[in-house]
Each structure stands twice: as structure tokens, then as C-alpha cells.
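J.: Each chain, letter by letter, is given below.
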Amino acid sequence: MSGNQDQRTNRVSSFVLLVVFLTLALSLVALIFGATVLAGYFNIGSDLTSAYILLALGILGIALSAYVVVEARRRLLKLKVAVSPVMTTLECRKCGVKNVREFQRGDYIFKETGPCQKCNDKMLITAIYKEVKEKEKERFPV
Amino acid sequence: MGVQVKVAQLFNTSDWTWVLNVAFYAVFVGFIFYGQRIQMYVMLNEVGGSLFRLKYIKEEGRKIAVETVKEIGKPQADPTDKIDRFLEYFTIGPQNLDPAGVVWKLEHILDVRDTRLKDEVKLMAPASDETQVNNLENTLEAASALNFIYKIVRHYYLLGKKTKNLYVIMQIQMILPLVMREAEAYASALKAFAYGQPIGDGAGALVAAKLMHGYETRKVDKDCVVATVPYEGRTAFVIKAEGPGGNVGKPGDAIKAVIEENEGKIAMVIMIDAALKLEGEELGEVAEGVGAAIGGPGVDQYKIEDSLVKYHIPINAVIIKEDVGDAVSPLRKEEFDATDKALERVKQVVVEKTKEGDKVIIAGIGNTIGIGQ
Numbered sequence: 001m002s003g004n005q006d007q008r009t010n011r012v013s014s015f016v017l018l019v020v021f022l023t024l025a026l027s028l029v030a031l032i033f034g035a036t037v038l039a040g041y042f043n044i045g046s047d048l049t050s051a052y053i054l055l056a057l058g059i060l061g062i063a064l065s066a067y068v069v070v071e072a073r074r075r076l077l078k079l080k081v082a083v084s085p086v087m088t089t090l091e092c093r094k095c096g097v098k099n100v101r102e103f104q105r106g107d108y109i110f111k112e113t114g115p116c117q118k119c120n121d122k123m124l125i126t127a128i129y130k131e132v133k134e135k136e137k138e139r140f141p142v
Numbered sequence: 143m144g145v146q147v148k149v150a151q152l153f154n155t156s157d158w159t160w161v162l163n164v165a166f167y168a169v170f171v172g173f174i175f176y177g178q179r180i181q182m183y184v185m186l187n188e189v190g191g192s193l194f195r196l197k198y199i200k201e202e203g204r205k206i207a208v209e210t211v212k213e214i215g216k217p218q219a220d221p222t223d224k225i226d227r228f229l230e231y232f233t234i235g236p237q238n239l240d241p242a243g244v245v246w247k248l249e250h251i252l253d254v255r256d257t258r259l260k261d262e263v264k265l266m267a268p269a270s271d272e273t274q275v276n277n278l279e280n281t282l283e284a285a286s287a288l289n290f291i292y293k294i295v296r297h298y299y300l301l302g303k304k305t306k307n308l309y310v311i312m313q314i315q316m317i318l319p320l321v322m323r324e325a326e327a328y329a330s331a332l333k334a335f336a337y338g339q340p341i342g343d344g345a346g347a348l349v350a351a352k353l354m355h356g357y358e359t360r361k362v363d364k365d366c367v368v369a370t371v372p373y374e375g376r377t378a379f380v381i382k383a384e385g386p387g388g389n390v391g392k393p394g395d396a397i398k399a400v401i402e403e404n405e406g407k408i409a410m411v412i413m414i415d416a417a418l419k420l421e422g423e424e425l426g427e428v429a430e431g432v433g434a435a436i437g438g439p440g441v442d443q444y445k446i447e448d449s450l451v452k453y454h455i456p457i458n459a460v461i462i463k464e465d466v467g468d469a470v471s472p473l474r475k476e477e478f479d480a481t482d483k484a485l486e487r488v489k490q491v492v493v494e495k496t497k498e499g500d501k502v503i504i505a506g507i508g509n510t511i512g513i514g515q
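Protein chains in written order, with our numbering: chain A, 1 to 142; chain B, 143 to 515.
Hints were generated in silico from the structure; no laboratory data involved. Hints should not be assumed to be uniformly reliable.
[To be verified] With a straight-line cut-off of 30 Å between C-alpha atoms, the simulated BS3-like cross-links for lysine-lysine are:
#1 A:K80 / B:K293
#2 A:K111 / B:K293
#3 B:K463 / A:K133
#4 A:K78 / B:K364
#5 A:K78 / B:K419
#6 B:K361 / A:K133
#7 B:K361 / A:K122
#8 A:K80 / B:K212
#9 A:K122 / B:K205
From a predicted model like this one, the values you see are computed outputs, not experimental measurements.
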């Protein structure tokens, strides 16, 4: 994949940003108008319902814009497949020393590797696995 | 003051009431006539989002494949074109209008395919050894699977758009969650294959490796190893695919060869394999049953059953349960721990179902990537 494509998939699209910006601007205008009408209610007795509608529209617009931005960001994060670290366990068959380290290319189960730090005997890879942190288990009555 | 009045007039409630009424009826009538079309656009949008993600995963897969070939194979020329060609390879299954002999035809086609893919890998990665060739082949096959999934989903998406037919797009939308799970599984498999890490499918092979470790092994056809392991007065012939490269071997041929070597005097065959779990079952659950525990296209299962019937040998199976994603992604701790439980169960079966002096075959089935012997 080219660098340009990488960048394209890693950012929020400019169209979405434009829509969000416009919605935000309109929401701000609605809020200002709402505040103006509300002030008019106290000064000249104008209709209070109009003020409420405008204020509600303004708040709704801002909430929608925030939701769209958060969703777009979440969608980008969801694109990547999460990979858990894979660990290698080395054991010394002579003295029983156990080491756990991150997997390195070339490791395989039952491979003899470098000397044991304690007794200088060869270490053996006895396990390679990944530990996945489970999301909180959903509760089903089963 | 003037602005306040004008804005207030704009929002006269009596005007708005009839506007809202008209809008309500318009939406109601609109849904009556265009409900299905709206539903189709919602589905298309959903499939489009997943397609975008699939494209990203597929491109990542291709990138990993190219980088791995360059890193391990040290080719003189850029292997990208060859890899792109590899990703488009296809296999045509045998004609089964007359099913007699279809297993052998299928086996022949699979052999040709395997040889062809290995030759291609050797060409694009000349510096790689046998283990690395196997791992690269697996990596490229995973990338190829991702490419195929992407193309199928794109086909239905574009066909749905072109025909504007709800039922065309519905077909893919309904199975999309399962397709995405499989694609994610292949995406994590790619890295496992590229680095040579053991995968969930290798759980059966790992049980056999634990049994045969420390004993002398010899090669048997095809790409398998067998070790003669004494256990509680019995003789166990433990079979697995030859590791640590990504390889499933041909356990059917290996079991058949060991049975023939012993002139059919085998008291029992036990097969250990990873099996798909149902939702709600625990990952790494070990279960026991009878029958040939082996997946794949069916050629090996056929050969094993054929040999067993010839000499009336009973067959037992021990399975380790995991879901499709775990089967092709790096081995999880739960699966690793389950191999010890499966090993104990195998030993228990041997003691309970055979007597001293008997010969048994214990075959660990699965991809032996990252697992030695």
C-alpha cells in the first residue's frame, strides 16, 4: 500500500469534516438567535416557544457534530486488527529456571536456544502463546 | 429589538404546526413507496463500510506478504508483481458427475497446486530454506484468502448497486458479520505465518509433539514424522506433520504407511485435532469421541477410514475446541493449556481401551507451524 493510501485511511474524510463544520456553524447561529429571542421575551414579550426551538436546535446540532466526529474516529480505530503480543517461554531442563520473553523470529516449540544463566546448560523453548485480555464477559442466562 | 421581533415571527407556532403535519404525512407516504429502497441504501451503506475495512485489511496483508518475502527470501528483483500474480491463483475442483474416483482426482489436483505454489515461492524467495518456504507459502495463501474475500464482497456490493435489487445486497449483508470475522482471523494469521508462530490449528500437532519429544523420529510420507514411544507397556506410534515450518503433511498417507508396516496389527488409532467450537462453549474445551478427527478437503480422512476398515481397527478422537478466528491466529494460552489436558485424555484412552503389548497409533493433526518435535 502506498504512503498516500496509508494517510487516506488514517484520517477523517474532508467531506465529513466540512459537514461537521457547517452543522457546527449553523448550530451556533441557532444558539445565538435563541438567546436573542429569549432576551426579547423579557424586553418585548416575544414568543418563548421560538426561543426554546432555536436553543434545542443549536444544542442538537452541536451534539450531532460531536457524535459524527467521535464515530468517524472510532471507525478509523476499528480498521486496524488488534494483535496481542506473543510470548515465548524458555526452560532449563537441568535446573528448572524459567524465562518468559517476547517472541522472536525463528523461535519454535522444542527449539534449543542459548545457555541457561544459572547452570550454563541449553535452554528449551517449551511454550509459545499469546495472552488475550478478554472483554468483560456478556451475561447470558445459559 | 427589531431583530428579536423578526426572529420571533419566523417561529410562529401556528405556522409550524401545519408544516410539521405535512412533513409527517410526506414521510409516511414516502416510506410506503420508497421503504424498500431506503432499506437497500442502508444495507448498501453498511456493506460499503465493511468493504472499506476489508480493503484496508487486504492491502495490509499484501504489504506484510511483500515485506516478508523481501526480508526472508532476499530476491534480487522486486517480487511485488509475482506476489500479485500469486494472490490471483485459483484451483478448479474435479468434476464429480461420476463420483467414482473423485478423491484421487482431488488429491492429484491438490498435489499439483501445492507443488506449483512451492515452486513459485522458491522463485520469489531464493534465499529461503525449506521451513521458510512453507511459512512463506502459508503467508501468501492467507493474503490470497483476504484478496478473495474482498473481491466476493465487492462483487455483491457493486451488483447490488448496479441492479438496485434489495435481495442481491441482502445476501451479503446477512452473512457480513461472519465474513468479517473470517477476514480478521486471516489478518492475524498473516503475521503468525510471517513470523512462524504456532497457530490454534496446531493444537493437535502440539499434543503429538509433546508425546514424541525426546524420542527418535523418522520421516514418513508425506511431510510427516513418526516416533515410537513406549507407554504403560504399549507401543505408541506418534505421528505429526514435520515442523517447525507451516505444514499439515498428509496424515492419511502416514497412518496408512504405519498400519501397513505393522501388517494391520494395530489395536487402536487415536486422532487429536482442533475443532470448531459452538458459541457458548469454552475455548480450549477438550472432548472425546470416535471417528477420524481431521479437516481439509477430505482426501486424508478417506484414506484413513479406508485403511481402518481394511484391518477393522477402532478409531478414537480427542478434540480441542476453538473458534474459526483462534484456529488461524497465534496459539492462545487457553489452547496451549488445553493441549496438556488433551494429552492426559489420550493417555487415559490408551490405558483404558488397550492392553499391555498392544500397538497404537496417535496422530496429532493440524498445521505444525512454530512447533518442532
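J.: Now tell me if each hint is right for this structure.
T.: Consistency of the hints with the structure:
1. This hinted pair checks out: K80 (chain A) and K293 (chain B) have alpha carbons roughly 19 Å apart, not beyond 30 Å.
2. For a cut-off of 30 Å, the pair hint linking K111 (chain A) to K293 (chain B) is broken: about 40 Å separates their Cα positions.
3. Among the hinted pairs, K463 (chain B) with K133 (chain A) is consistent with the structure: their alpha-carbon atoms are about 19 Å apart, no more than 30 Å.
4. A distance of roughly 42 Å separates the Cα atoms of K78 (chain A) and K364 (chain B); the hinted pair therefore is violated under the 30 Å criterion.
5. Annotation: proposed proximity of K78 (chain A) to K419 (chain B) holds, straight-line Cα distance about 25 Å (limit 30 Å).
6. The straight-line distance between the Cα atoms of K361 (chain B) and K133 (chain A) is roughly 39 Å, outside the 30 Å bound, and the hint therefore fails.
7. For the hint linking K361 (chain B) to K122 (chain A), the alpha-carbon distance of about 26 Å falls within 30 Å, and the restraint holds.
8. Of the pairs offered as hints, the one joining K80 (chain A) and K212 (chain B) holds, with about 23 Å between alpha carbons and a cut-off of 30 Å not exceeded.
9. A C-alpha spacing of about 37 Å is found between K122 (chain A) and K205 (chain B), which places the hinted pair above 30 Å, so the restraint is violated.
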